[in-house]
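Visitor: Letter by letter, the chains look like this.
Protein chains: 4
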Amino acid sequence: MPAHPAGVQNCVAGPGYKHRTHNPSPTTMHHQNQPLLDALNACIAACEHCATACLLEPDVKMMARCISLDRDCADICALTARFTARGSEHAPHLLKECAEICKACADECEKHGAHMQHCKECAEACRRCEQACRAGLSKAA
Amino acid sequence: MPAHPAGVQNCVAGPGYKHRTHNPSPTTMHHQNQPLLDALNACIAACEHCATACLLEPDVKMMARCISLDRDCADICALTARFTARGSEHAPHLLKECAEICKACADECEKHGAHMQHCKECAEACRRCEQACRAGLSKAA
Amino acid sequence: MPAHPAGVQNCVAGPGYKHRTHNPSPTTMHHQNQPLLDALNACIAACEHCATACLLEPDVKMMARCISLDRDCADICALTARFTARGSEHAPHLLKECAEICKACADECEKHGAHMQHCKECAEACRRCEQACRAGLSKAA
Amino acid sequence: MPAHPAGVQNCVAGPGYKHRTHNPSPTTMHHQNQPLLDALNACIAACEHCATACLLEPDVKMMARCISLDRDCADICALTARFTARGSEHAPHLLKECAEICKACADECEKHGAHMQHCKECAEACRRCEQACRAGLSKAA
Numbered sequence: 048m049p050a051h052p053a054g055v056q057n058c059v060a061g062p063g064y065k066h067r068t069h070n071p072s073p074t075t076m077h078h079q080n081q082p083l084l085d086a087l088n089a090c091i092a093a094c095e096h097c098a099t100a101c102l103l104e105p106d107v108k109m110m111a112r113c114i115s116l117d118r119d120c121a122d123i124c125a126l127t128a129r130f131t132a133r134g135s136e137h138a139p140h141l142l143k144e145c146a147e148i149c150k151a152c153a154d155e156c157e158k159h160g161a162h163m164q165h166c167k168e169c170a171e172a173c174r175r176c177e178q179a180c181r182a183g184l185s186k187a188a
Numbered sequence: 048m049p050a051h052p053a054g055v056q057n058c059v060a061g062p063g064y065k066h067r068t069h070n071p072s073p074t075t076m077h078h079q080n081q082p083l084l085d086a087l088n089a090c091i092a093a094c095e096h097c098a099t100a101c102l103l104e105p106d107v108k109m110m111a112r113c114i115s116l117d118r119d120c121a122d123i124c125a126l127t128a129r130f131t132a133r134g135s136e137h138a139p140h141l142l143k144e145c146a147e148i149c150k151a152c153a154d155e156c157e158k159h160g161a162h163m164q165h166c167k168e169c170a171e172a173c174r175r176c177e178q179a180c181r182a183g184l185s186k187a188a
Numbered sequence: 048m049p050a051h052p053a054g055v056q057n058c059v060a061g062p063g064y065k066h067r068t069h070n071p072s073p074t075t076m077h078h079q080n081q082p083l084l085d086a087l088n089a090c091i092a093a094c095e096h097c098a099t100a101c102l103l104e105p106d107v108k109m110m111a112r113c114i115s116l117d118r119d120c121a122d123i124c125a126l127t128a129r130f131t132a133r134g135s136e137h138a139p140h141l142l143k144e145c146a147e148i149c150k151a152c153a154d155e156c157e158k159h160g161a162h163m164q165h166c167k168e169c170a171e172a173c174r175r176c177e178q179a180c181r182a183g184l185s186k187a188a
Numbered sequence: 048m049p050a051h052p053a054g055v056q057n058c059v060a061g062p063g064y065k066h067r068t069h070n071p072s073p074t075t076m077h078h079q080n081q082p083l084l085d086a087l088n089a090c091i092a093a094c095e096h097c098a099t100a101c102l103l104e105p106d107v108k109m110m111a112r113c114i115s116l117d118r119d120c121a122d123i124c125a126l127t128a129r130f131t132a133r134g135s136e137h138a139p140h141l142l143k144e145c146a147e148i149c150k151a152c153a154d155e156c157e158k159h160g161a162h163m164q165h166c167k168e169c170a171e172a173c174r175r176c177e178q179a180c181r182a183g184l185s186k187a188a
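Residue numbers (the working numbering), protein chains in the order written: chain A, 48 to 188; chain B, 48 to 188; chain C, 48 to 188; chain D, 48 to 188.
Be careful, since some hints might not be right.
Which copy is meant is left open, so a pair is good if it fits within one copy or across any two.
[Claimed, not checked] With a straight-line cut-off of 25 Å between C-alpha atoms, the simulated DMTMM-like cross-links for lysine to aspartate or glutamate are:
| no. | residue 1 | residue 2 |
| --- | --- | --- |
| 1 | Lys108 | Asp85 |
| 2 | Lys186 | Glu171 |
| 3 | Lys158 | Glu144 |
| 4 | Lys186 | Asp106 |
| 5 | Lys143 | Asp106 |
| 6 | Lys186 | Glu144 |
| 7 | Lys158 | Asp106 |
| 8 | Lys186 | Glu157 |
| 9 | Lys186 | Glu168 |
Everything labelled a hint here was simulated from the structure, so no lab data went into it.
Isolated chain A (complex conformation) (with noise of 0.2 Å):
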């Protein structure tokens, strides 16, 4: 496992911060990841909203398992962004696995978003999270 792939930026923190030649202030650097932190932001809400909306739908049963994907999905996002935001070391080990729940919960919200447009909403969120966590990796390797 790679100590410091590139895919999130760390701003400040990580073995060999201090040996850089150039750099860039934690200030500057901090502001590259703002498009993931803001796309897991939007996701995490997305899929809280979706989770309670669906609860609120007349056959719950068929929304059971979007709702346990809501659950995870906003979770490892919330998980993600507080890594990513603290510039931590292990944040690029768990884009992978954020990227993973986000498709599955995409994928399953995609099957309701044609009637009901929580999931639809969701959905979006969810596969531009997606992209935006791949984008991550893509960086770093």
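Place chains B, C and D on chain A using the hints.
Guide: The following block gives chains B, C and D in isolation, referenced to the frame of chain A:
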């Protein structure tokens, strides 16, 4: 404790939901809390970043209380954001304590803001979040 | 709001820490909150398990409010446990709301406890956690 | 990525649940993960306590990496515990990264364990948690 203070808009949950006469759709109401969510998410990211940056300062000891408050502030904001996004009937109950911790963190960060950009930015994010939480509370009064 | 209610023992943090005359070591004080931490952790696990089990019931719709409260209860207990374990000066401020949500979840789960083992177990864990939180609050009075 | 590694027992969720021939009740299976949950919860509390105690040490700068790893370790353990307790099909996917972060935190804390009781206790809790996560992974092989 009132069961439904109006400070945080319950998008889809909470007793009485079905009985409102002019009930906005869950989707419509969802976006009413976006400014609060944005303030909370910005505060989480600023606190996480500030804690990491404080740990890299030459005089870490001077930053110890700042780091402690950053941890608490990021955590309470994260919970408040989740409850708000899901439209929990308990979301409004967290706003007061969230505002208090944001205030404490802003007060501490302001002491260092003249010399440290991360503390300056964190103080500003905490102050905005404190105000967003108090705005929610005042609607509930 | 008192800055240092005694309901949660501040192991190592909080103003005044250095000035106590007979200051127990952080390690010694650490274990004073173990019963509260145990009750919180048991409640988190029971709520997470209950929510999942509710989603597998034949009549999920009947369990919708139970699932919603399980989500809130697990989340507030998790935050309260983190603040308690770190000896945050803000830990005591969470105990009242944590007790309220545990009570609400216990009340709902008890309605289903005769027929569903997961709700019976969750109601018991929530009730014990509510009591542990209130015990902490009463020490602070 | 296998959808159902056996390292974490899926109590109630996951595809195929309905189709197992000798399906233990959710309640029975629930308790199979208790040793893992106990190790995770002990690790969370030890890391939170260690971070706070490190911030009170005379030489905080020496403890900066320890504090950073305490934050990451408490957070990944908390997510892993939630996924495990809810029987998420994604719980097993977190075990490897959780074990890695526990190992990194234990390695760092052991450097200070001779002189600081909080680091000694945290190193032990992290090592036990790393082992519990790896035990789960080996069952999944």
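Visitor: Please go over all the hints and tell whether each is borne out by the structure.
Guide: To see whether the hints hold, each was checked on the structure:
1. Lys108 <-> Asp85: Intra 32 Å, inter 32 Å, cutoff 25 Å: neither.
2. Lys186 <-> Glu171: within (23 Å within a copy, 31 Å between copies)
3. Lys158 <-> Glu144: within (22 Å within a copy, 31 Å between copies)
4. Lys186 <-> Asp106: neither (42 Å within a copy, 34 Å between copies)
5. Lys143 <-> Asp106: This pair counts as neither: shortest intra-copy Cα distance 33 Å, inter-copy 35 Å.
6. Lys186 <-> Glu144: Classified as both: same-chain Cα gap 16 Å, cross-chain 20 Å, threshold 25 Å.
7. Lys158 <-> Asp106: both (14 Å within a copy, 21 Å between copies)
8. Lys186 <-> Glu157: neither (28 Å within a copy, 34 Å between copies)
9. Lys186 <-> Glu168: neither (27 Å within a copy, 28 Å between copies)
Violated hints for the displayed structure, listed by number in ascending order: 1, 4, 5, 8, 9.
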